[in-house]
Amino acid sequence: MSSSEIPANGSDDDLTELVCDRCGEPIPAERVIYLSSEPCHELADRYAAVTRTYCPDCIAAIGMLEFTLEARPNADSE
4 MSSSEIPANG SDDDLTELVC DRCGEPIPAE RVIYLSSEPC HELADRYAAV
54 TRTYCPDCIA AIGMLEFTLE ARPNADSE
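When we follow my numbering, the leftmost residue of the sequence shown carries the number 4, and every step to the right adds one.
No wet-lab data here; the hints were simulated from the structure.
Be a bit skeptical, because a hint or two may be false.
[As the list claims (entries may be wrong)] Computed spacing ranges between beta-carbons, pair by pair:
id : residue 1 : residue 2 : range
1  : D48       : G27       : 25 to 33 Å
2  : E20       : D48       : 30 to 38 Å
3  : E33       : M67       : 15 to 23 Å
4  : A63       : E41       : 18 to 26 Å
5  : E33       : T54       : 29 to 37 Å
6  : V53       : E28       : 14 to 22 Å
7  : E20       : C43       : 32 to 40 Å
8  : E20       : L46       : 27 to 35 Å
C-beta: ideal position from N, C-alpha, C; glycine also.
Assemble the whole structure, with the sequences as input and the hints as a guide.
If you want it as structure tokens, here you go:
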């Protein structure tokens with residue numbers, strides 16, 4: 004799982020309102036946090052990669068308080 008406060012390909016003029024996928028509240032573009040998850044190779048046929056938008060309050064509520072902009076390497080499965 005990785006996170007980023009860098010918005011996806013969009014502009015400030017974009018009329019689409021960003022909404023938190025957890026609480027449903029609007030999120031200002033400068034405060035949106037994207038969480039992404041990609042299944043390992045062995046599970047790719049059963050699960051899809053997803054990206055969701057969250058507000059900082061919901062990120063704190065689910066206990067994800069520390070982030071890094073770098074993607075973590077995949078763990079080897081045994």
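Here's how the hints hold up against the structure:
At about 32 Å, the beta-carbon gap between D48 and G27 stays in the expected band of 25 to 33 Å. Between E20 and D48 the C-beta distance comes to about 34 Å, which sits within the given range of 30 to 38 Å. Checked against the hint of 15 to 23 Å, the C-beta distance between E33 and M67 comes to roughly 19 Å, which is consistent with it. With their beta carbons about 24 Å apart, A63 and E41 fall inside the hinted range of 18 to 26 Å.
Taking the beta carbon of each, E33 and T54 are about 18 Å apart, not inside 29 to 37 Å as hinted. Between V53 and E28 the Cβ separation comes to about 20 Å, which falls inside the hinted range of 14 to 22 Å. At about 34 Å, the beta-carbon gap between E20 and C43 stays in the expected band of 32 to 40 Å. Under the hint 27 to 35 Å, the C-beta atoms of E20 and L46, about 33 Å apart, fit the expected range.
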